[in-house]
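*Asks:* Sequence order for the protein chains is A, B and C. Numbering (my numbering) for the first sequence: 625 to 1282. Numbering (my numbering) for the second sequence: 13 to 124. Numbering (my numbering) for the third sequence: 30 to 313.
A portion of the hints provided could be inaccurate.
To be verified - With a straight-line cut-off of 30 Å between C-alpha atoms, the simulated DSBU-like cross-links for lysine-lysine are:
(1) 789/A <-> 281/C
(2) 122/C <-> 31/B
(3) 31/B <-> 157/C
(4) 31/B <-> 126/C
(5) 1191/A <-> 281/C
As the list claims (entries may be wrong) - Label-pair distances were calculated between CB atoms; the ranges are:
(6) 209/C <-> 36/B: 48 to 54 Å
(7) 255/C <-> 40/B: 20 to 26 Å
(8) 793/A <-> 312/C: 26 to 32 Å
It is worth saying that the hints were derived from the structure and are not from the lab. Note that beta-carbon positions come from the ideal geometry of N, C-alpha and C, so glycine has one too.
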Amino acid sequence: MADALVKAEFLGEEEKGTTKPFVLWRPTAKTGLMGWLTTVDHKRIGFLYGISALFFFLVGGIEALLIRLQLAVPNNSILSAQQYNEMFTMHATTMIFLAVMPLSAAFFNFIMPLQIGARDVAFPRLNAFSYWVFLAGAIVLNIGWLTSDGVPNGGWFGYTPLTTKAFSPGHDIDMWVMGLQLLGVASIAASLNFITTIINLRAPGMTMMRMPVFTWMTLVTAFLLILAFPAITIALVELMFDRLFGTNFFEASNGGMPVLWTHLFWVFGHPEVYILILPGMGIISEILPTFSRKPLFGYPIVVFSGASIGFLGFGVWAHHMFTTGMGTMGNTAFALATMTIAVPTGVKIFNWIGTLWNGHISMRTPMMFALGFIWTFMFGGFSGIMHAAAPADYQQHNSYFVVAHFHYVLIGGSVFALLAGIHYWFPLMFGRRVSEFWGKLSFWVIFIGFNVTFFPMHFLGLNGMPRRTFTYDSNMGWNSGNMVATIGAFTLGVGIAIYFGVMIYTFFRGERVTSDAWDGRTLEWSLPHPPPEYNFRVTPIVHARDDWWYEKHHRSEVAKERSEHAKAEASHGIHMPFQSIYPFIAGVGVLIGGIGISLVDVNTDPHVLIGKKLATCLVGFFIFLTAVYLWALEGNEGYHLHPEQDSHSGGGSEPKHH
Amino acid sequence: MSAPAHASPAGEHALEESKFQIFVQIAMILAVITGVEIIMVYMPFAHAFLFWTLSILSAVKFLFVIFIFMHLRWDRPLCTVIFFIGLILGGGTMWALLQLFGAQASVPLSAG
Amino acid sequence: MSSNAAAGTIDHHFDPTTSTGVPNKKLLMWLFLASDCMFFGCLISTHLIYRLHPPPGTPAAKDVFSIELTSFSTFILLMSSLMMALAVNAIQKSNLKSLRASLLMTIFFGCIFLGCQVYEFNNFVLEKHLTITNSILGTTFFTLTGTHGTHVAVGVLWLLLMYVRSFQPREMDKHPWWFIRNVFHVVVAIGTILLGMNVVIECTRSLQAHGFASGLAAFGQAYFLRLVALAVGAGVLMRLARPGYAVAFDEKNAIDVEMMGLYWHFVDIVWIVIFTAVYLLEYI
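Okay, chain A solo, but in the shape it has when bound (with noise of 0.2 Å):
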C-alpha cells in the first residue's frame, strides 16, 4: 500500500551510538506510529502537512458551500447571522493558514531539499517540531466546534473593537487568537530551517543562481514568514492582553485605538497574501519550462521579480485601509506603492509567456492546471490594480468585488499551482501517475466551476452588495449573480471531489512510474520514484541550471566524475540524523498551553491560589520546557548508512522521448 514511504529501501549497517540513559534513547522505529511520531525525515514531514492541509482544504471548501448555500436566495435561513459569521470567518481562517499554507510547506519540506542536493534540511528536529506545533494550533482554531463557545466568529482580520471582550465574551476570539500564536510560532520555525538549508546545504556547484525557481521561491517566503510574522504576533498578543487582564490598547475609553490592530494586522496580512502566491508561482516556473521543454525564459528576472514582489509587500499594507481615515498623504503613499508592486508581477507573466514561446509544448495535466493559473491570476492582478486606485476602491471596499479579486489571485492563483504541483510531484512522491484524462477531467469541472462562481461576484461587487452579511432583500438586483455563483460552487465542488477521488485512486492502484516521469529539468527527478531515506546516494556535483538536464545530455562526463566522487564518499557512508520524540512531546506541551490560555475560564474565587487556567498552562510549559531540554541533551549525532553499491532504479535512466 503506502509501503513507497514506509520502508527504506537501501538500509545498510548502522553503527552502535554510545550508552545513553533511557531518557536519551534514540527511537529507531520506521514503520508504524512511533515511526511517523519521531519522524524527521523531511519528506516524511512534507507528507505529514501535505494530508492535514488537504485534510482542511475539505473542511474550508464544505464551509464555502454552507456560505454559498445560505446565499443563494434572497432572505434566506440555512444558517442564522451568528452561523454565518462562524463560517466566513473559519472558512478564510481554514483556507489561509490550515490549507493553502502547510500545502505550501509540504512542498518546501518534500522537494526543495531535494532539488537543491541535500539530504534533509539543516535542523531535522526543528522541522518536525514545526508541523507537530502547526498541527497544535489546527487543533485550538477547531476546538471550538465541540465546545458551547463556538467557533470564532470575528473575521479571519479578527478587527477590534468587534473582538474585545466587551463585544466578544466568549472563548472562541480566544481560540482564534491562541490557534494563530501557535501557528505563527510553527511557521517562523520552519522557515529559519528553510532559509539556513537553501543558504548552507546546497550541493556543490550550486551557485544561488543556479537553483531552481520554485527553490527561489521558497527562500523568498521563509524570509516574508520570518520578517511578517512578528507583527501579528505582537497584535494577538496586545489583544490578547486586553482581552485576559484588561490592558487598553484597543480600550477607547481609556486611550486606546482599535485602528491600531488594523494597521498591525495588516503589516502582517500584506505580505501573507505574496506567502500565499509566491510558492505558487515557483511551482509553475517549475512546470512551464517542463511542458514547454525550454528553460524559463528570463531566469534572473524572474527571481529578482519574485525578490522585488517580497520586499515591497512590505510597503503597501494600508491599501487595505483606504477607507479608514488615514489622510491624503497616508492614501497615496500606499496607492503609488500598491501600483509599483504590479510591475514585477507582470514581468513574472510575461516571462512565463516567453517561456512558452516557440516552446515545444505537452497539454499534459499539471501544464493545463499552469495555464489555468495564468489566465485566472492575471484577471486578479487586474481587479487588484483596480483596487490600487484609492477613490475607486472607496466603492469597491468591503463589497464583492473584494471577494471576486482575492479569489480570483487565491483560487485562480495559490491553488491552482498548488494542484498543479500535487499532480506533478505525485509521480515522483509516491512512483504512480495520475491518468491524463480523469486529471484532465477534473481540471475543466474546477476551471469551469470557478470562474462561474466569482466571475459573477465582480458585477455583485460594483452593483453594491457588501461582505459578510448573511442575506440580502430580494429588490436588490442581485439575486441571479448570487444563484449563478451558487452554482458554480457546486461545480466546483464537484471538480474538487474529482480531483480528489483520483488522486486517492492513483496512490493505491495508479500507472507506477519508477523514474523521470516527465523528462524533467531539475534534480528532483535524478532520484529513484519515491526517494530513498537518504534522498542522494551520492552527493550530486553541480554544473548549470536546470542540472538534471544537462546531466542528461552530458552523460559520461557526468557518470566519471560521479563514480570518483563516490569513491571519496564511500568510506565516510552517508550521515543520517536520528529519530526523535521530543519534538512531539513539546508540541504536546504547546497544545495543552494554548488549550489553557484560550479554553479554560478564569478562575474567580479568591482562595484558590492556583485555578484550572493557571494550572493547565504550567502544566503545558513545563511538557514543553522538559521536551526542549531533553532535546537539547539528547545532542545531534546521527548515524550511518552504507547503502548497496548496485540499484536497481538509481537515477542512471534513459532520457525520455515523449
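Since the structure of chain A is already known, use the hints to place chains B and C on it.
*Replies:* Just chains B and C now, with coordinates in the frame of chain A:
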C-alpha cells in the same frame, strides 16, 4: 558540526589575545556613553538638540555591540546583511506607523 | 563525528561543511534576531504611537520613572554583555574555568537587571499608582518592558542550562547518575537564584523603610530561615562546581555558546533602544 580544519596562524592567535582587550575597552566606552546620556538629560539643552544627540549616542552604542560583541566585524557579510534586513524593515515600519499616526487626520478627537 | 581536536585547531569563523562557511546555528540565530527586530519594532511602535497624543489624565512619565535606577540597570546589562563576550572567547580557547566564571557573571548581572526591574514594577504599581490597566501609558510601558524582561529571563535560564551542561561527563558509562545530577544541579541553581533575588529585594525594602541598622536587624530576624537556605544552596552549588571527572565540553561546543551569546547581546541592544525611546525621550 565544524570539522577540525587548519591550525590557527600566529597572526590570528595574536588577534584572539587582543580580542579580550577590545571587549573590555568597548565595554568601558559604552559605560561612558551611557553616563554622558544621563548627564545630558539634566542639562538645559534645546529639545531638538537633545533628541538628536541621544539618538545618535544610542545608535553608536548599538553599532558597537553588534559589530564587536556580536562579532559582525569579523564574520562573513552575509550575517550583517541578514540582520540589517530585519533592522531596516522594523525601523521602516516603525517610521511609517509614526508618520501615519502623527498625521493631522489621525489625531484622536479626545487628545490633549 | 567524535574526533578529538586539540585546542585551537577549530576555525571558529569558518565551517567547511556549509556552502557559505557560516555555521548553521549561527545563521539560524541571526535570522531569528532579524525576525525579533520586527517583533520589538512593532511593540516599540505601539508605545511610541500612544505617546504621540496622550489622552487627558495620563500621568506624566517623568514623574513616574526613576532615571537613576534605569541607568544603573542599563549599565548592568552592558556589563553582562561584556561578560558574555568573554565567555564565548574563553570557550573558543577551551578554557573551561574562564567560561564558567564568565557565564556565572553574566547570570549574576542578568539577575541584578531582573531584580531592578521587579523592584521598579513594584514601585510603579504600589507607590506611583501606574498599573497595566489604569492608563494607556501603563499598558504600553509594562507590556514593552515586561516582554523585554521575559527575554532576559529566558536568556538567564539558557545561560544556567549551558553552565550546568558544561559538567556533563565525557565517559557517561562511568557515571550512570549524571542525568539526575544534571537535573538536581539545575533545580538547586534556579532555587538559589530566586531565593537570592528575593532576599536582596526584601533586604533593600527593609533598609529603605527602617534605615540601616534597624532595617538589617529586622530583615535578619524575619528572613533567617531563608538566609540559611540560601547558604545551603550556595554550598551545594560550590560542591557541584567541582565534579572531579573529565567533562564533555570544549571548543567543539563553542558554537552553542556563541549562538546563545548572540541572543544575549541582542537583548542588550533592544534595551539600548528601549532605554532611549521609552525613558530618555520622556525627559526632553
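*Asks:* Determine for every hint whether it applies to the structure shown.
*Replies:* Hint-by-hint comparison with the structure:
| no. | hint | verdict |
| --- | --- | --- |
| 1 | 789/A <-> 281/C | violated (52 Å) |
| 2 | 122/C <-> 31/B | holds (12 Å) |
| 3 | 31/B <-> 157/C | violated (45 Å) |
| 4 | 31/B <-> 126/C | holds (18 Å) |
| 5 | 1191/A <-> 281/C | holds (29 Å) |
| 6 | 209/C <-> 36/B: 48 to 54 Å | violated (39 Å) |
| 7 | 255/C <-> 40/B: 20 to 26 Å | violated (37 Å) |
| 8 | 793/A <-> 312/C: 26 to 32 Å | violated (41 Å) |
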